[in-house]
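Undergrad: For the record, the sequence lines run as chains A and B.
My numbering applies: residue 1 is where the first sequence begins, and numbers increase by one.
My numbering applies: residue 1 is where the second sequence begins, and numbers increase by one.
Hints listed in this document are in silico derivations from the structure and should not be mistaken for laboratory results.
Here the structure is a predicted model, which is why all the values come from computation and not from measurement.
Be a bit skeptical, because a hint or two may be false.
To be verified - Ranges between beta-carbon positions, derived for each pair:
1) 313(B) to 62(A): 15 to 25 Å
2) 4(A) to 227(B): 32 to 42 Å
3) 7(A) to 1(B): 47 to 57 Å
4) 33(A) to 291(B): 18 to 28 Å
5) 301(B) to 112(A): 25 to 35 Å
6) 118(A) to 69(B): 38 to 48 Å
7) 31(B) to 78(A): 41 to 51 Å
8) 59(A) to 416(B): 41 to 51 Å
9) 14(B) to 117(A): 43 to 53 Å
10) 117(A) to 389(B): 25 to 35 Å
11) 115(A) to 306(B): 23 to 33 Å
12) 33(A) to 14(B): 27 to 37 Å
13) 388(B) to 9(A): 19 to 29 Å
Claimed, not checked - In silico lysine-lysine, DSS-like type, Cα no more than 27 Å apart, as pairs:
14) 21(A) to 317(B)
15) 95(A) to 21(A)
16) 317(B) to 95(A)
The C-beta atom is built at its ideal place from N, Cα and C for all residues, glycine as well.
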Amino acid sequence: MTGDTITVPLWRAAHGRTGDKGNRANISVIAWHAALFPHISAQITDAAVARQFAHREPSCVRRYLLPQLLAMNFVLDDVLDGGVNDALNLDSHGKGLSYLLLDMPLQLPRELEPWLVGPAA
Amino acid sequence: METRILRIGCAAGFSGDRTDAAWPVVQALIAGGGPAVLIFETLAERTLALAQLALRESPQSGYEPLLAEMLRPVLADCLAHRIRIVSNFGAANPRGAARRIAELAAELGVRPPRIAIVTGDDVSGPEFRPALERGLRAGGAAVDATKSLVSANAYLGAAAIADALRAGADIVVCGRVADPALALGPALAHFGWALNDWDRLARATMAGHLLECGAQVTGGYYADPGLKDVPGLARLGYPIAEIDSDGHCTITKPAGTGGCVDEHVVKEQLLYEVHDPAAYITPDVVADLSQARVTAEGPDRVRLSGVLGHPRTDSLKVNACFASGWMAEGEISYAGARAEGRARLAAAVLRERLAGAGAMRADLIGVSSIFADDAGHWLDGLADSGARDVRLRVALRNTDRAQAERLVREVVALYTCGPAGGGGVRTSLRPTLGTQSLLLPRSLISARFELLQEQPA
Numbered sequence: 001m002t003g004d005t006i007t008v009p010l011w012r013a014a015h016g017r018t019g020d021k022g023n024r025a026n027i028s029v030i031a032w033h034a035a036l037f038p039h040i041s042a043q044i045t046d047a048a049v050a051r052q053f054a055h056r057e058p059s060c061v062r063r064y065l066l067p068q069l070l071a072m073n074f075v076l077d078d079v080l081d082g083g084v085n086d087a088l089n090l091d092s093h094g095k096g097l098s099y100l101l102l103d104m105p106l107q108l109p110r111e112l113e114p115w116l117v118g119p120a121a
Numbered sequence: 001m002e003t004r005i006l007r008i009g010c011a012a013g014f015s016g017d018r019t020d021a022a023w024p025v026v027q028a029l030i031a032g033g034g035p036a037v038l039i040f041e042t043l044a045e046r047t048l049a050l051a052q053l054a055l056r057e058s059p060q061s062g063y064e065p066l067l068a069e070m071l072r073p074v075l076a077d078c079l080a081h082r083i084r085i086v087s088n089f090g091a092a093n094p095r096g097a098a099r100r101i102a103e104l105a106a107e108l109g110v111r112p113p114r115i116a117i118v119t120g121d122d123v124s125g126p127e128f129r130p131a132l133e134r135g136l137r138a139g140g141a142a143v144d145a146t147k148s149l150v151s152a153n154a155y156l157g158a159a160a161i162a163d164a165l166r167a168g169a170d171i172v173v174c175g176r177v178a179d180p181a182l183a184l185g186p187a188l189a190h191f192g193w194a195l196n197d198w199d200r201l202a203r204a205t206m207a208g209h210l211l212e213c214g215a216q217v218t219g220g221y222y223a224d225p226g227l228k229d230v231p232g233l234a235r236l237g238y239p240i241a242e243i244d245s246d247g248h249c250t251i252t253k254p255a256g257t258g259g260c261v262d263e264h265v266v267k268e269q270l271l272y273e274v275h276d277p278a279a280y281i282t283p284d285v286v287a288d289l290s291q292a293r294v295t296a297e298g299p300d301r302v303r304l305s306g307v308l309g310h311p312r313t314d315s316l317k318v319n320a321c322f323a324s325g326w327m328a329e330g331e332i333s334y335a336g337a338r339a340e341g342r343a344r345l346a347a348a349v350l351r352e353r354l355a356g357a358g359a360m361r362a363d364l365i366g367v368s369s370i371f372a373d374d375a376g377h378w379l380d381g382l383a384d385s386g387a388r389d390v391r392l393r394v395a396l397r398n399t400d401r402a403q404a405e406r407l408v409r410e411v412v413a414l415y416t417c418g419p420a421g422g423g424g425v426r427t428s429l430r431p432t433l434g435t436q437s438l439l440l441p442r443s444l445i446s447a448r449f450e451l452l453q454e455q456p457a
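Bound conformation, chain B alone (with noise of 0.2 Å):
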């Protein structure tokens, strides 16, 4: 039985992230000695419907645009150290993205990498589409989401990537994958758990979990200066999780970074996106966080334990996203005395001249905005509290171009048309996608890897 302990950094937990932090997770890694293993988490749950649109206008795409951005600075290093490199990455293309790391490894003259694509995650094609419809029925779809379907993907669980990291790939490309998977694929690779170690699987899960958005786990988002002071968040070190035989975890992050790694950073991490925890899908496990313990054993050194499993589900969650209409949105600024006033007289202005375009919802951004609600009860309790710097936002949707478009033009007209003293107007009309989850059975959809053996041009 393998005893090493297998140590998985996560550079990045989004698409969007800083690019900037794989070079000391990489070099923490090099430090360190040992088998390891380099991940990246990039796709929220709409960046591939995204990825899907782009690789409709161009073939060439469909993967995370910064790709390259990302592994430049670490890919020579992990390619001699043999520290392999897991991710979805890939989106919408995970061959186009395979085609761009090949190209990027001979740009930087290192040697070929052999690089794998787990596929079957896309179920959009049409021998799905009964299957999906039903789905989407069952988990009460509103809307006819396959009319204008822009994506459908199953998160996929972790065993074809640990069979493409047994077939020697030295990264492995996914499009749509359970984001803990990227941990448990390696791990089960590394030390040969069946798939049914229940136990194990949920402790991998959770090591996963705690890396899957990168600095969250490290002191980012985390922050509230004089009550909970993290050093140096321009410098964030990303996390490092050391997994045993057994699957627990020790988090940790590289010497001499910003960040920290403590009790209460990781609890937050830990319980995020969780709903009961005792039981915590996904594709490979049901993960029991009940009986779950988080202990710090050194600075920046926090250890999980308690965690147990359960087998695993007859189904695969599918995240289908659609084309839903267009999202208008305007804003405008007022300052000194009774901005609220000349604020609010905006927004009933603004009502008025939208009648019949849809649902309005208005902001006041400095005195009530993320925590109110659509419908306005909120901010129809709140009395003028005289604040002298408002941004007024105003915000609706229609599956009309043009009666969103409206809100923009009112907008706009306000200065000439509105309240005293309002500038710095901005307008956006964007069209929206939405998302809707269903189950589609297990046995429906097949995972699985492909070495590439093409070599770039």
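Bound-form chain A, shown alone (with noise of 0.2 Å):
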């Protein structure tokens, strides 16, 4: 990318929420603004997120595109440490964790700041 970029988290730029079922997590990620989703869908990928969730161990991560949504959903099988079955988890749902995904970092062309949400640190 040219010209001045920032890195922001993720948070800036999108919203989401974790649902559950079984052993089995869903985290959407919803831009919060048409410009960002653009760069969020080409930085924000399967294998990213399967990064940020390494010590997880997921055994899948599976990305699908809404575009007409601004959105993404990211399923991660076997994420709940077994879930509300197995997991020694205080949130065996894994509740919190879209707050893991939307702390990951995110380029941005300086130009696209004023779509941002939050301060800036």
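Join these two chains into a complex; the hints should help.
TA: Below, the structure is given as structure tokens:
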């Protein structure tokens, strides 16, 4: 990318929510603005999310794109330490995990900064 | 063809939800005029198994314990204004729930409501056992769940609910049904769609999906102060879906309540618990969100469009719940200088004391907890952060109660044997329920409704 770029945590560019079924979590990533979506979809790939969740050892991470909703849906299999059945996690549903995904870094052209939410630092 | 809009309000998204949500929704449905239905969704995965255990203890129980509290504020108004009520609060005992509702109506001095119960979801009986075992094996179940089976219930679709409403039921009490069926059933009864009108069924199903978690679509579970501000979280208005004759819906909430319904809130709920958006499988239809659009129509009014439907599958999902052993947890707090160091030491002591009791998980609440993994990779990678207020939490599971209980005793013993300054010990030891999903052929299961004739004594 040419020109001046900034790196921000994904939560400044998108929001989302975790759902769970068994040992599988789905995490939506919804851009705050259309101008941000191409950059989010280029960088927040299934491989990148798999790395962010590496310590939870998901067996599979898939990404579904919903451009008309400015959204992506990530499905992470076997990421809940067994889920409500077997996990020892306080949060066996993994409800808090959307915030782990939203911590991922995102590079953007500086001119898109007006579309971001939240404080710069 | 019926063209009047059907309004469906949802006053509960799970068992444990607020119980004062219904009144503003019902008042809004009355003010709106026109056909209306009120739904309550109160059955998460294991709620039904817990209800089954309760039923074993006491044949009068086994339905939603807060049923009367949820209905008392609105039952008279619903009956007077012909707002039908549809819910899965029947849980493991729809008949018992129906009787309780009849009693409540008598207590309130209102006309005896026509109450229907929907049955056929319970597949724990011996006649289903071979199919259950086949389904569990096919699903790769690691444990012989049938040995310690507590409950097995199929997710029924909307047809029996629609039939019950068409037969004149004021209130339809279900056990396990697919959550969106609570809305699709009323839509089918109202609009008279064929059961293979896939696009319309899919659209009304997604209306139900938006409603089924209550306030999660009106600003609940959304707020992040300064970033995602939601007014009036303590007075959240619960959702109302306005469904048209093509199944498209607008989501709104009662005027004068807290919360907000905007495109972002609705998108979060739309994708909640969805995997492949092009194939959201329910008992009645496979819904396709790949072209779906979410559009604000005005303050607190958002329209869902572009949903398509595909033919339903040949099987029904079943949830089997089984007794799975014991889980022990213990917590102790440390504060001030080197609090984290003392908490980490306590964890190491416990790990040594509990060798052989099962894999122990340690969290440092305030430093590392819900993001971390059971095996401890996350925590192992963290250097001492110098945190000055840390709560150590440890947990383990074991099928042997005595082994699990060792954790409880060792945490308590930290009061004299552990690091300095530890306080506020809390422990728990409880039996656990596991769940396993499987598929059964649709042909094995018959959902039906029954209008209750009995009146309260």
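Undergrad: Tell me, in ascending order, the numbers of any earlier hints that this structure violates.
TA: 2 and 9
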